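So the chains spell out like this:
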Amino acid sequence: MEQLIGVVVFLILGYGFGTHYEKKHYKSILKRERRHSKRPAVNMKSVPLEGREIESSALAVGSTVVSVDYFKRFLAGLKMVFGGRLTSYESLLDRARREALLRMKEDAKDADIFLNVRIETSSISKGQGEKSVGSIEAVAYATAVKFRNKV
Amino acid sequence: MEVSNLESIPGKNIVEYIGLVSGSTVRAKHIGRDIMAGLKNLVGGELKGYSELLQESRNEAMERMVAQARELGANAVLNVRFSTSSVAQGAAELYVYGTAVRID
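From first to last, the protein sequence lines stand for chains A and B. Letter by letter, the first sequence follows residues 0 to 150 of numbering that gives the first Met the number 0. Letter by letter, the second sequence follows residues 0 to 103 of numbering that gives the first Met the number 0.
The following block holds chain B by itself, in its conformation from the complex (with noise of 0.2 Å):
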């Protein structure tokens, strides 16, 4: 499966149009990773819990968009975006979308 945020895969060509796939999931900050990032919060600098726990969640997102890719029969995923949403206090959405097609 390719994915790509261009709107071709560079030397390929697309043979079929699938449509609109996307995958998301919403994660909460589990308490102890809030605690030490209050902590930080007083010092600064990189919070590395939340960090990894936004690209877990992204990357989860992205796993879920290219299941349903697959499932639809594509190869590709082109133009793909991503997007950030907080849904509640200490909670966010981390959304992708992408067009699948079908590429030779």
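Extracted from the complex, chain A is given alone in its bound form (with noise of 0.2 Å):
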């Protein structure tokens, strides 16, 4: 019985912290995006350059670990009982990644375009060793370009 309520306030919890937390990391990250928007990302290894000069290169990188709150894994868990769509992984996938490339062009403030981008997705822990993911991490790296005359 006891158990039972502890899962019950977890997921009250899980559900309440993790939207809230959810909802507040897509608007930061909506934001950052547009204020980046004019420092493309793009995974070619050369773009044309249009009369332009490269100043410096130099590596960047952004990561992050991302985890799912209690109530989405509850959910996931049955979800799995039945195949499907796990939405709430995709979510979780989905911040990780963004995340990442934005800390990667955060990285370098002053490029103008970030050149060959990867990247990587790893999961760091299996949860509380059930079959269900814990937290994954997102790797984002590229060649960071300044020209030297701005067009």
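Since the hints were made in silico from the structure, they are not lab data. Be aware that a few hints might be false.
[To be verified] On the chain A side, residues computed to face chain B include the following (Cβ under 8 Å):
1) L12
2) F16
3) K44
4) S121
5) V138
[Unchecked claim] Pairs of lysine to aspartate or glutamate residues, derived as DMTMM-like cross-links and limited to a Cα-Cα distance of at most 20 Å, are as follows:
6) B:K47 <-> A:D93
7) A:K44 <-> B:E6
8) B:K11 <-> B:D103
9) B:K11 <-> A:E54
10) A:K26 <-> B:E45
11) A:K108 <-> B:E1
12) B:K47 <-> A:E105
13) A:K37 <-> A:E54
14) A:K145 <-> B:E6
15) B:K11 <-> A:E49
16) A:K44 <-> A:E54
17) A:K145 <-> A:D111
Source: prediction; values computed, not measured. Using N, Cα and C, we set each Cβ at its ideal position, and we do this for glycine too.
If you follow the hints, you should be able to join the two separate chains into one complex; please do so.
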């Protein structure tokens, strides 16, 4: 009985805080993506220069570890019985990748373009001994290039 | 030392290819961070402790790679790749590798 109450409390806490944090995170992601939209990240190895000279280039790296909340993990556990889309994990991965990309851009503040972007994802811990995914790490890295003459 | 994940440094010529260099580090999470992360696992969101830990480890792996390249007389590392693998429960290996070259 006490265990059941514990689980219910965790579910409510997880749902409340989890939804709040996710909304907040997405808001900040969207805001920062708009701010950095003039400095594109591409996964091509070179771009047409259009008369611009390269001043410097350096490696830029950004990474983050994001965890899924108790409620979503519970929900995903249920869903795994029937199969199908696990939307709760989809948003987890989406958040982690976008955050990593943004941190990469923030790592090279004066770069004009990011070439050859690679994104890697790995799962850090597999939850509390269950089969569930606990938290994932996303790394984004690229060569940050700065142009001499701005157009 | 120039580090890039392109196959050449934009605007520079490669004089000599020296060979593959790599750096790696295996890190375990420490217990304080583990407890905090366990709590954070309940409500979801970013696990700052782990983010920092992995970032530090990655920087260290990169420093080792750069040191190796320097020893070989290179002044740039190209086509750098990162990879992470979990070795055991609670420990992760961060591996960085690239090609050491000399540019003019």
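Hints and how they fare:
1. L12: Holds, about 6 Å.
2. F16: 4 Å, holds
3. K44: 6 Å, holds
4. S121: Holds - the Cβ of S121 of chain A comes within 8 Å of chain B, reaching about 4 Å at its closest.
5. V138: 6 Å, holds
6. B:K47 <-> A:D93: 18 Å, holds
7. A:K44 <-> B:E6: 8 Å, holds
8. B:K11 <-> B:D103: Answer holds: K11 of chain B to D103 of chain B is near 7 Å, not above 20 Å.
9. B:K11 <-> A:E54: 11 Å, holds
10. A:K26 <-> B:E45: This hinted pair holds, its Cα atoms lying about 15 Å apart.
11. A:K108 <-> B:E1: Answer holds: K108 of chain A to E1 of chain B is near 18 Å, not above 20 Å.
12. B:K47 <-> A:E105: It holds: about 17 Å lies between the C-alpha atoms, which stays within 20 Å.
13. A:K37 <-> A:E54: 18 Å, holds
14. A:K145 <-> B:E6: Distance ~17 Å between K145 of chain A and E6 of chain B Cα, so the pair holds.
15. B:K11 <-> A:E49: 18 Å, holds
16. A:K44 <-> A:E54: Since the Cα atoms of K44 of chain A and E54 of chain A sit roughly 17 Å apart, the hinted pair holds (cutoff 20 Å).
17. A:K145 <-> A:D111: Holds: K145 of chain A and D111 of chain A sit about 5 Å apart, inside 20 Å.
Against the hints set out earlier in the document, no violation occurs for any number.
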